Amino acid sequence: MATLDLQGVRKVFGATVALEELSLSIASGELVSLLGPSGCGKTTALRIVAGFEAPTAGQLLVDGEDFVGVPASKRNMGMVFQAYSLFPNMTARQNVEFGMRMRKIARDKCRARAEELLGLVGLAERVSNYPHELSGGQQQRVALARALAIEPAILLLDEPLSALDAKVRVDLRQQIRSVQTRLGITTLYVTHDQEEALSISDRIAVMSDGNLEQIGAPADIYRSPRTEFVANFVGLMNGFEGTLRAPDTVVIGAGDRPIRVNEAVGVAVGDKVLVLIRPESVQLEELADGASAPEGVIEAKVLMHTFLGSVTRVSLSSDLGGLVADVPSLRALTMPPDTRVAVRVDPVGVRMLKR
Amino acid sequence: MTDEVVSQQSNDDLMALETGAPVLTPEQVSRPRRSRRGRRGLLVWIPVIPFFAYTAFFMAVPVVVLIVKTFQAPGGGFTLDQVKALFSGQYRAAFVASIQVSVTSALIGTVFGLFVAYAAVHGRGPRWIQPVLTTFCGVASNFAGIPLAFAFVATLGSTGVVTLLLDHAGLDIYAHGFTLYSLIGLSLVYVYFQLPLMILVIAPSLEGLRKEWREAAENLGATQRQYWWHIGLPVLLPSLAGALVLLFGNAFSAYATPYALTGGGISLVPILIGSVLSGNVVITNPRLGDSLAFGMIVIVGITVLLYSLLQRRSAKWLR
Amino acid sequence: MSTAAPGARAATTSASILDRRSGRGRGKRRASFWTWFWLVLAALYFLVPLFSTLLFSLDTGVHQHGLKWYGKTFSDPQFWQTLELSFKIALETVIIGLALMVPTVYWIHLRLPQLRPAMDIISILPFVVPPVALVVGLSGAFQVMPWLLSNWWLILPLVYVILALPFTYRSLDAGMRAIDVRTLTEAAQSCGAPAWKTLLFVILPNIRTAMLGGAFLTLAIVMGEYTISSLLLFNTFAVYVYYIGNTQAYQASALAIISFALTWGAMMALFVLSRGRGRAGGVGQGAPVGR
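The listed protein sequences derive, respectively, from chains A, B and C.
Following my numbering, the numbering of the first sequence begins with 1 at its first residue and continues without gaps.
Following my numbering, the numbering of the second sequence begins with 1 at its first residue and continues without gaps.
Following my numbering, the numbering of the third sequence begins with 1 at its first residue and continues without gaps.
Rather than coming from a laboratory, the hints here were simulated on the basis of the structure.
Being a predicted model, the structure only gives us computed values, none of them experimental.
Treat the hints with caution; some may be incorrect.
[Unchecked claim] Some but not every residue of chain C turned toward chain B, in silico, with C-beta under 8 Å: (1) V48; (2) F79; (3) V129; (4) P130; (5) V136; (6) V159; (7) A220.
[What the hints assert, rightly or not] Quick list of the computed label-pair ranges, beta carbon to beta carbon: (8) C:D76 with B:Q100: 32 to 40 Å; (9) C:L41 with A:G119: 50 to 58 Å; (10) C:L112 with B:Q100: 27 to 35 Å; (11) B:K211 with C:G66: 46 to 54 Å; (12) C:L55 with A:D209: 51 to 59 Å; (13) C:T183 with A:G39: 28 to 36 Å; (14) B:S308 with A:K167: 37 to 45 Å; (15) A:G39 with C:R116: 35 to 43 Å; (16) C:T183 with A:K109: 37 to 45 Å; (17) A:L183 with C:T183: 50 to 58 Å; (18) C:L112 with A:G321: 56 to 64 Å.
Ideal Cβ positions, reconstructed from N, Cα and C, are used throughout, including at glycine.
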């Protein structure tokens with residue numbers, strides 16, 4: 001399995017800069033997701049790796065060898081497209097065999113491997129079906145088998161699940177991940193769905209406007225976003241302007257609501273910071289009628305509930321601004337809208353970004 | 001049928017159509033279902049009667065009359081003589097000539113049109129090319145007939161602009177036996193309205209060729225030729241075949257163009273029919289005008305049928 | 001390796017096949033040659049005859065050029081007579097056709113969607129019965145039903161409606177589909193409008209583009225129609241053009257150019273319309289008529 005290195009890859013279309021000097025290293029067997037909104041350059045980057053676009057500048061190294069200029073048909077990378085990529089005039093098996101036939105592999109070997117791969121993705125009984133007879137999820141599974149049939153050094157997936165129903169998406173992404181781990185194949189996965197990226201990646205590269213915002217393991221991206229964009233794009237985030245008053249205390253707003261933090265990374269006392277608090281780190285306690293919050297604890301009023309299943313997203317208003325707390329649903333029943341609550345913040349869930 | 005009844009009824013019908021269940025008001029519940037459906041069933045067909053009566057009268061009746069006269073013996077009774085006569089002599093020659101011209105112009109139109117349409121759709125040219133081409137095809141396909149014949153006489157006739165140009169350049173095409181009034185010359189003229197038709201018909205199918213197929217094939221190691229051989233052409237084949245068939249039928253039916261070009265002198269099926277109608281003494285048996293027309297309808301009918309079948313086939317893969 | 005050509009289009013489609021070994025540039029350049037080749041070839045094929053005709057029409061003598069033939073044409077009373085006649089017939093065809101088709105298509109969309117497949121077939125039938133054959137049938141029918149002769153003047157528009165049927169139907173069908181006839185009708189009825197008022201005041205204004213599209217296509221067809229009108233001995237514009245062609249070649253070229261200009265005008269109007277209000281009829285659909 002191969003390593004993949006993008007070094008200073010830049011792509012310009014006319015007057016638009018799609019990619020600004022992207023540098024990224026993917027180790028052998030790793031699954032790295034390119035995560036970002038539409039237009040951030042993730043698909044462009046993938047297409048450059050695949051050979052469908054040539055970079056304006058920069059290098060693309062596969063196992064140390066520069067692939068810029070190598071035709072797409074000679075790169076030995078398997079690609080799964082977003083939709084519609086199965087050849088309509090061929091059955092599932094013929095589709096999977098196609099790459100092998102182009103490599104002049106013996107007919108019976110092609111057939112055997114095709115059936116093996118289709119079995120791997122759970123479509124053993126569908127080998128003789130045409131694409132228009134298959135559901136969206138089944139088509140993508142065939143596409144995956146087809147990409148793997150040529151024993152590629154690198155697997156590329158371009159938003160393979162975007163066109164599918166939610167339930168199918170969840171099942172299929174697990175399947176993709178397990179196949180990928182089983183075969184140990186180096187994979188680059190493009191998506192705009194952060195849940196998808198978080199659940200299956202070894203590392204996530206968050207992109208925006210052609211730039212790489214942050215790259216790291218899913219947990220790190222989620223818990224320690226390094227830019228405001230990443231904080232807002234991945235998961236929901238409460239953000240407040242504040243000042244670091246002491247190494248373990250940050251103060252929000254005008255000044256008298258200190259919040260404890262565990263560690264101040266990259267910020268010094270006195271700095272203006274953006275305080276980021278994940279909704280699950282916000283703890284609520286109902287205030288008895290007439291009682292007021294203890295000293296230094298933020299007081300808020302429940303505005304509305306958004307029921308999400310096991311968790312309810314409670315929207316609150318306080319004199320610091322609006323905020324959102326994720327509360328277990330059973331607990332949320334005790335604080336309907338218009339309840340006054342005391343808000344406590346778990347220091348573990350607080351992050352700060354220097355302003 | 002008063003307005004109120006119509007609106008009430010149509011309300012019900014609309015809701016029934018929408019939800020699949022009849023929506024009954026209290027008054028209607030007491031009325032037996034059968035009479036409601038009976039009334040609805042009859043009344044709803046009334047507004048479309050004018051249209052169907054019209055088409056029946058002006059299309060079906062002439063065709064029926066034609067068929068009857070084709071198979072009718074002089075003294076009454078059924079006969080196949082008139083149909084049999086089509087297969088010999090000048091009639092057979094006319095059918096053969098018509099088929100020749102139609103096949104030739106259809107083939108040229110199909111191949112030429114395919115390449116032009118592909119260049120416009122997938123050729124990565126400037127974005128204005130496709131709309132301009134489409135509009136022009138609309139114009140060109142309606143330019144057929146008398147003006148087209150004159151345009152080609154002005155171009156490739158014995159004193160035509162291009163003829164003279166070629167002559168100056170040393171190539172005297174008329175000395176080599178070329179004439180606009182031959183089957184070859186006619187086919188060349190026919191292409192002028194075959195080509196636009198082909199482009200208009202095949203462009204949607206070409207647009208249906210998804211770029212993902214091309215890229216996936218390339219990603220899996222296929223060259224351009226391999227892509228076309230294994231995927232592109234097989235997928236396009238029903239549309240191509242359908243277009244070819246349509247072009248054939250189109251050329252077969254042409255009357256005005258060959259008539260203007262040859263003054264009615266060339267022996268094609270539509271021209272023969274025309275001469276029967278105008279009373280020219282070209283055909284020995286005027287009754288055969290009907291069977292000629294019948295034969296023509298049969299041939300063109302088959303082509304249209306084939307075309308729609310092939311269209312449906314291609315829609316399966318290209319939608 | 002050279003980088004992107006200046007002005008490369010954003011989000012280009014299928015990939016260029018880069019041949020590292022051949023040392024040639026992008027495949028993009030290779031494809032472009034053939035693209036232009038075919039397009040230019042087609043342009044030549046279309047434009048050369050038109051251009052030749054134009055030259056002919058401007059040829060007034062040995063190495064002389066002028067608009068003499070156009071002048072002769074425009075001062076020929078027959079030109080105007082036949083043009084007027086054809087135009088009148090075209091107008092009648094459009095009116096009869098729309099009066100027949102609009103309520104029918106509306107009703108089918110509203111209450112009889114099961115008739116759609118039948119309509120699709122019927123709208124193709126006029127192609128199956130070529131005009132020549134239709135005339136034969138009609139003459140036969142005349143012999144059987146001589147009372148048709150008393151409505152002689154109407155016969156052409158009535159037949160032309162059939163000829164233009166595929167185009168008017170498709171235009172109206174597309175137009176009505178685009179505006180969701182059902183919902184509009186329900187809305188109108190919930191405001192208390194009876195069916196005919198709904199049609200007149202709600203539906204018609206919204207399918208204006210489709211109707212105009214069908215009207216222009218019909219116009220183009222009727223103005224150029226030769227087969228039926230000549231065989232039924234009417235002196236329409238196309239018949240006049242043929243007559244001139246037989247007698248005076250140069251004037252015929254001028255007429256051909258004028259014909260072309262008229263058709264082009266109708267199609268441009270159609271194009272402008274369909275661009276303005278979205279595709280509700282399409283430009284240049286389907287088979288030519290009056291070949």
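Verification of the supplied hints:
{"no.": "1", "hint": "V48", "in the structure": "holds, 6 Å"}
{"no.": "2", "hint": "F79", "in the structure": "violated, 14 Å"}
{"no.": "3", "hint": "V129", "in the structure": "holds, 6 Å"}
{"no.": "4", "hint": "P130", "in the structure": "holds, 4 Å"}
{"no.": "5", "hint": "V136", "in the structure": "holds, 4 Å"}
{"no.": "6", "hint": "V159", "in the structure": "holds, 6 Å"}
{"no.": "7", "hint": "A220", "in the structure": "holds, 5 Å"}
{"no.": "8", "hint": "C:D76 with B:Q100: 32 to 40 Å", "in the structure": "holds, 39 Å"}
{"no.": "9", "hint": "C:L41 with A:G119: 50 to 58 Å", "in the structure": "holds, 51 Å"}
{"no.": "10", "hint": "C:L112 with B:Q100: 27 to 35 Å", "in the structure": "violated, 44 Å"}
{"no.": "11", "hint": "B:K211 with C:G66: 46 to 54 Å", "in the structure": "holds, 53 Å"}
{"no.": "12", "hint": "C:L55 with A:D209: 51 to 59 Å", "in the structure": "holds, 58 Å"}
{"no.": "13", "hint": "C:T183 with A:G39: 28 to 36 Å", "in the structure": "holds, 35 Å"}
{"no.": "14", "hint": "B:S308 with A:K167: 37 to 45 Å", "in the structure": "holds, 39 Å"}
{"no.": "15", "hint": "A:G39 with C:R116: 35 to 43 Å", "in the structure": "holds, 41 Å"}
{"no.": "16", "hint": "C:T183 with A:K109: 37 to 45 Å", "in the structure": "violated, 58 Å"}
{"no.": "17", "hint": "A:L183 with C:T183: 50 to 58 Å", "in the structure": "holds, 52 Å"}
{"no.": "18", "hint": "C:L112 with A:G321: 56 to 64 Å", "in the structure": "holds, 60 Å"}
The structure fails hints 2, 10 and 16 (numbered hints given earlier, in ascending order).
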